[in-house]
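> Residue numbers (our numbering), protein chains in the order written: chain G, 812 to 1365; chain Y, 812 to 1365.
Keep in mind that the hints were calculated from the coordinates and are not lab data. Computed from a predicted model, the values in this text were never measured in an experiment. We put the beta carbon where it would ideally sit given N, CA and C, even for glycine. A hint or two may mislead.
Output of the computed footprint for chain G on chain Y, the stretches with three or more beta carbons under 8 Å from beta carbons of chain G [said to hold, decoys possible]:
no.	segment
1	873-884
2	1145-1156
3	1159-1173
4	1205-1216
5	1343-1355
Number of protein chains: 2
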Amino acid sequence: MAVTLGLDYGTNSVRALIVDCANGREIGSCVVDYPSGHQGVLLDDRDHNLARQHPGDYLVGAERAVSGALAAARQSDLGFHPDQIIGIGVDSTGSSPLPVDKNNQALALDPRFRDTLAAQCWLWKDHTGHIEAALITEKSRALRPQYVAKCGNTYSSEWWWSKILHCLNTSPEVFDAAYSWVELCDWVPAVLAGVRDPKAIKRGVCAAGHKAMYAEDWGGLPDKEFLCALNPKLADLRDRLYDKAYDAATPAGKLCAEWARRLGLREGIAIAIGEFDVHYGAIGCAVEEGVLVKVIGTSTCDCAVVSAQKTVADIPGICGIVKGAILPGFYGIEAGQSAVGDIFKWWVEVVCQGDAALHEQFTAEASQLRPGQSGLLALDWNNGNRTILVDQRLTGLILGQTLHTTRAEIYRALIEATAFGARAILERIEEYGVPVKTVVCAGGIAEKNQLLMQIYADATGREMRVARSAQACALGSAVAAAVVAGVHPDFATAQKAMTGWKDIVYKPRRADKAAYNKLYKLYMKLYDNLGGVRNVNLGRVMKDLLEIKDNATK
Amino acid sequence: MAVTLGLDYGTNSVRALIVDCANGREIGSCVVDYPSGHQGVLLDDRDHNLARQHPGDYLVGAERAVSGALAAARQSDLGFHPDQIIGIGVDSTGSSPLPVDKNNQALALDPRFRDTLAAQCWLWKDHTGHIEAALITEKSRALRPQYVAKCGNTYSSEWWWSKILHCLNTSPEVFDAAYSWVELCDWVPAVLAGVRDPKAIKRGVCAAGHKAMYAEDWGGLPDKEFLCALNPKLADLRDRLYDKAYDAATPAGKLCAEWARRLGLREGIAIAIGEFDVHYGAIGCAVEEGVLVKVIGTSTCDCAVVSAQKTVADIPGICGIVKGAILPGFYGIEAGQSAVGDIFKWWVEVVCQGDAALHEQFTAEASQLRPGQSGLLALDWNNGNRTILVDQRLTGLILGQTLHTTRAEIYRALIEATAFGARAILERIEEYGVPVKTVVCAGGIAEKNQLLMQIYADATGREMRVARSAQACALGSAVAAAVVAGVHPDFATAQKAMTGWKDIVYKPRRADKAAYNKLYKLYMKLYDNLGGVRNVNLGRVMKDLLEIKDNATK
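So that you can see chain G by itself, here it is in the shape it has in the complex:
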């Protein structure tokens, strides 16, 4: 039996998953919460934009999660032995860069920087660099429009250069102490492979291409002249980063002796190149051309692929179209919504002061409503808009409330808002020639919330499928490990053997689809005017909603 291990670094915890390469059977898994901060995240009360993580948590988390997964595997399969594991794949959140010293040790592991926030890993949802992001956008539009065109024409505060430049601007002592910076998804494989020189780290084109403006077309990372225009020290840093990034066909290295011992695995087994969680998640959801994968969690990430034989134009508002970012031989297309589950959580926990039971109560009540019956319309921008406006400086909106509007009505309106946000993304990528025949959803919300899934089907007019695995990201990492370990000749074969969808299909219902088409038009009016796209007359929006409401209650 050939078995691989997927390690999935999430926002609050790390997951280890042991998978049978023959059929994708999940033999054992274990989730370990990061010990530091608030649910694993280091926060700053004075600045909601700040979100960091302690790199030590990643190392101790790997040891504990692998140990737990091995124990679980032994329990579920008496024939299992850790030596059967022949490869490791790693995915993580991103862009989550961390500063390292000359020996590839995380700066935050140095006692001098143990408590320095700027020396930690800068978690994907850290928005402290929004002023830097605006500067990078401005400079790129002026000097190197091709760079920012690949990022939907706007560079985000969530990404690599914004964060590093913000560190340079606000914590120069950390920037100066750092020899180099590494994406978390590249750093963990390098550590496991025992790489001691940051320049020797095999960097994945997934993180590089989407977030660090890397492209072979212009010789890798942004050129020094451009970086110098941002800050001369960034140009110097370029020499200590990397010249080439790799897709998942290339291994990141082999498991070193020290980490083989710490994890209880065989030395020398293959380690796949690191990718972001949703990219390997897409692989774990059986992504192929024509399939859009949505990983629905606190936020939502969308992934699609298009054969690299074809030409894919830049798509306005789509933040990354990178060859090899998901599957070798395909363009990877990434999009996302900055908050989805987080918005429902805000409504239930912060506003309504409830818990999981209240989520269930609202879901039950909201299920009784027809589209438009509440008269409400919301925008899903409580955490900004990642796609297609690429604008963190946007906020939420709820419109249409009367003196009778209930909490469950607003709960449903918030779900609908995220469905409309999903539709805006879907229609944009289709408009630019990316085919979407099937939408496959993954994540806890997709598994559990049938109301949301049906609303998504009705509001987008598409069939919704659910990924077979509840651990799609870790599974995708295990698939990549299976390919680099040579169990399967290529990703297509590996995916066919190891991944798939559940039988359930959420089909759009004709009447609800028609009602949502009307509501979506109104949503896009708000979207375009408040999002700064174009000046739309909103004078009929409330009246149109009331008419739809009157008709829905008839």
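For chain G, the structure is supplied; the task is to place chain Y on it using the hints.
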């Protein structure tokens, strides 16, 4: 000692107040809840627009309230005797028309119609006639633009003809059974005076002028040709209504023997003409030229007066400018916000599932916030916009929420929204030459909520005063009674003796006023675009709010 009685018919209860005419001392009062319906209002689960009241409640309510007030007066003043009462004044909500038979008996008191909703009194907040209101607006704009110009150019579903026409359209059997229709504020004085013929009822110009399109300029009520264009039966009804309406200088009649017995008062004492509650309320708040009175309750009503010697232009969006509507010898100017206290109540009770204690908690938390600190902006249209958009088909809006937005922040944003709505009214009437030197507020919210009063001062940039009496409407009725009883020679003298303001003054604070000026500009952008006034670019609104928020938290 000369004493008068004010009877104030509110939405949920009737209040009787016994007042010393020499100094306004409130000798005794009593509030009686209407026994029927939900908190006195007959509702229809299938139609949120419907709000009716049973006329029998007004009669039994008068008996009980007067009896209670007499008892209270006797207890507080051993020298008091009911025979000292020499006049009665009556005010009520409006426009609240009810159908009556040939003997001026309410149709709903006939057993045949006891349970017929259309035969009850159509409470001010009944919006079932919104389609009829649109028709009246359209026909008037086309055929008699002068009629609707006096109503801010839009006729409301809350008003007389919309309701009667809706009754005719949907309950023709009730319309046909009705000999005539009477405003509640005219009906009660007529009943007390023993008037048995609807054509003999002394109708007040307050209700007639504002709500029934009555004006001496065009010979009283709308002409038959116009009414015929709405429905020929309305033209027929005109003959059974009235030719002339009177201001408060004319009495409505004298207390008849039967009602003298039922109330325990002397037969033959003077009864003042009826006015709407806030109009007599303005008198009870010492209104005069330069004073704007705001009665802040579930909704807000604004009243001002301008000498009839002057010329007052029609003011767009201001629903009534009628000579004698408040004080004889003055134009009465009326405006209002369709929901104020009701919006806070919705937030606390419906959304946050709390009670008075939660109001207090939110008020305490919201008091700690600076203007703009929450990043929120709301529109106060949960119940439509009475002034200056005159549009019931509008709804609420909350904008600027993040994943951290608290309930108290939204509570404050809703208060601010009503303050901005108040400012829009104030600026509009000033723009058209109605001077506002002082704003005087009355009602429970003005008395109790210091946070709201300070926000109103800061957001409007005006000093806010509070009426001395907590029962300003009933007091104003008692003032009118004192004038028609001959205790005082005119209203100015009576007001000087009987009414006034509390010592407390809420002054605008410079920094908060400046912050609110910025927020008000953004509010007006939303107001104008979503209210259908003009097409405004809202692409910067969320960003501007975030900038104001960033500055406020520095």
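> Can you give the numbers of the hints that this structure goes against, from lowest to highest?
1
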